[in-house]
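If you want the building blocks of each chain, they are given just below.
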Amino acid sequence: MKRALITGITGQDGSYLAELLLPKGYEVHGIKRRSSSFNTARIDNILPDWHEREARLFLHFADLSDSTSLIKLLCQIQPDEIYHLGAQSHVRVSYEIPEYTGDVTALGTIRLLEAIRVVNFKTKFYQASSSEMFGTTPEYPQCETTPFRPSSPYACAKLYAHWMTVNYRESYDLFACNGILFNHESPRRGETFVSRKITRGVARIRAGLQEKLYMGNLEAKRDWGYTPEYVDAMWRMMQLDRADDFVVATGETHSVREFLETAFAYAGLDWEKYVEIDARYFRPVEVDHLEGDAGKAERILGWRPKVKFHDLVRLMVDSDTQLLEDQLSGHLARSASARD
Amino acid sequence: MPAALITGINGQDGSYLAEFLLAKGYRLVGTTPDRTSDQQLILHIRDRIEIVETDLLSQEWIEDLLGRHKPDEVYNLAARASSRDLWTQPVATGDLNGLTVARILGGIRKIDPRIRFVQASSSEVFGNTAETPQTETTAFHPRNPYGAAKAYGHWITAAYREQERLFACSSILYNHESPRRKIDFVTRKISQAAAAISLGEEKELHLGRLDARRDWGFAGDYVRAMWLMLQQAQPDDYIIATGETHSVRDFCAAAFAHVGLDYRDFVLEDAADCRPPETGLLAGNPAKAHRVLGWKPAVGFQDLVRMMVDADLEAIRSGEIHARHALSNPSSSRTNSANSTVQENPS
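So the protein lines, in turn, are chains A and B.
In terms of my numbering, the first sequence opens at residue 5 and continues consecutively.
In terms of my numbering, the second sequence opens at residue 193 and continues consecutively.
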């Protein structure tokens with residue numbers, strides 16, 4: 005039985021990845037941070053009861069800012085594969101907490117790589133790189149050889165972690181992959197991210213609970229894919245004979261405006277009546293065009309996305325509509341993660 | 193009177209920069225990690241500058257420093273660097289060489305966004321690049337934790353310039369040497385060995401790959417370029433290099449010739465110490481600095497080598513350096529010499 009460790013298992017990607025690995029027969033271990041409030045909503049549906057004998061999903065307390073906790077955990081679990089998804093992952097928030105973002109997102113990755121070097125060098129390592137690293141590059145579509153041009157503290161930290169992953173592969177011969185994932189969304193996307201903010205807003209506006217949706221730059225173009233397909237690409241990378249870096253994207257780009265139009269239209273609403281532009285959301289320099297070329301992933305991993313933009317928007321609107329209905333009718337126990 | 197804050201003032205670059213700014217009439221505050229750190233290089237100006245012990249890993253300390261001393265300009269030179277440390281303690285390297293840049297920029301944004309900032313970036317950000325010579329638009333490909341941390345510092349500087357409108361520049365410094373270079377850097381190792389051997393104090397010099405090539409300039413010229421960047425109307429990034437490369441062999445030949453010797457009689461290439469050949473040749477194209485800053489290096493390669501050998505001759509004669517002691521430590525004379533690629537001063 006293979007053993008996998010997932011950092012960031014309580015997040016969007018980690019929860020889908022755990023669901024992918026468990027049926028493949030993996031024993032899955034996840035790291036969670038100590039928090040005063042419950043933070044496992046996305047994986048509650050797959051978390052076994054504590055008394056279940058056949059449990060193959062385990063959560064451990066550890067922290068990316070604490071090297072010792074990581075080394076102890078690797079010694080204890082001895083994972084075959086580590087999927088490093090944990091990060092301070094919000095681009096806008098990173099401007100407010102750049103040092104923390106650098107500590108967790110960049111140094112956290114180095115701490116984990118060092119822990120692997122110390123504990124067991126045969127462990128395979130997946131690093132969640134990000135299309136934000138391309139930032140303001142004038143070149144598109146972006147592929148594995150496109151020069152990076154990060155423009156936020158988050159993107160700088162992700163790029164730092166990316167290069168460290170490359171360095172450990174090239175100099176120590178560690179099996180270490182960077183998955184350069186373009187935007188990937190789902191009903192489990194955090195509510196502060198633009199896609200989910202829109203679909204949740206649409207559901208609430210249609211239900212009469214909200215009048216306006218405040219947005220920033222509508223012209224930003226992103227390459228939006230469906231998360232469950234993206235975690236499959238991660239797993240495929242880890243099954244290769246030789247570690248490498250891959251862009252994971254749909255190859256289609258759509259603006260935030262298109263996302264709004266599609267989501268509101270699907271709900272039978274005219275977006276222009278509800279959306280207000282709030283200048284506070286603008287940056288002096290915007291990352292305005294991310295469009296990935298996943299040709300290498302298709303060629304080498306045999307990976308191809310099936311869910312494209314319009315389907316993605318619809319399934320997210322449907323999910324938020326359902327979630328809201330459940331909440332309104334008192335079915336609070338039914339969580340977002342249990343439904344899709 | 194303008195005021196400047198220099199982190200890592202006690203290193204090679206910090207000491208040259210301090211002399212340069214004092215001559216321009218600046219009020220100077222310099223940081224050192226603690227009271228016990230080596231202040232040899234700034235002893236002669238010690239009474240004209242304010243030295244502050246600072247924990248550059250602490251956001252609070254940095255903000256306190258900026259608030260209390262109110263500098264007009266900040267020069268961030270502090271870094272962990274040595275040819276041997278490129279791979280050791282990568283988290284500590286990242287914390288100081290990388291995250292401290294974010295801490296200072298965050299501090300400037302909060303305390304006074306008018307403060308001008310220059311980051312000592314490094315040619316190591318180019319690492320395994322396929323493009324030679326490199327310009328400000330060459331894609332980065334750092335090949336070790338030191339280079340990756342410097343690349344982070346570089347990008348976060350650009351991010352604060354663009355997103356927060358700070359006057360923040362990166363000076364992409366290629367190797368810059370001087371008589372103040374530490375002995376674990378290959379240039380100083382050669383100059384000191386040439387001096388010691390010519391005085392009969394040493395017999396031979398062990399080095400790594402002699403054909404490794406570098407773009408070597410004089411540290412005193414490079415700190416002037418950093419100052420020039422902060423006097424422009426607009427902040428920007430600049431390559432600071434000579435535009436010439438020379439091999440370690442060239443450096444040996446020039447150094448030994450200066451004392452009337454043939455390096456081939458004394459220099460041994462230790463194959464065992466050689467790392468695999470590097471893929472990228474780090475050679476900078478300083479055209480933009482010439483054009484925009486009007487900067488040109490005043491000290492050429494031959495002059496640089498002679499200056500370093502002369503200084504070592506003087507130091508050995510005066511008893512300041514005990515050649516035998518300096519060269520007898522096998523780890524310092526035989527460690528990856530040809531790969532001593534980094535230039536910032538350890539803080």
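It is worth saying that the hints were derived from the structure and are not from the lab.
All figures in this text were calculated on a predicted structure; none of them were measured in a lab.
Glycine is no exception: its CB is placed at the ideal position from the N, C-alpha and C atoms.
Certain hints may be false.
As the list claims (entries may be wrong) - Which chain A residues face chain B? A few, computed with CB under 8 Å, are given here: (1) N43; (2) A45; (3) E103; (4) I114; (5) P154; (6) D282; (7) A283; (8) F286; (9) R287.
As the list claims (entries may be wrong) - Over 10 Å on every C-beta distance to chain A, these chain B residues come out as not near it, computed from the model: (10) R219; (11) A331; (12) P337; (13) E354; (14) Q355; (15) E356; (16) E436; (17) R441; (18) L473.
* Indices of hints not satisfied (ascending) -> 1, 2, 6, 7, 8, 11, 12, 13, 14 and 15
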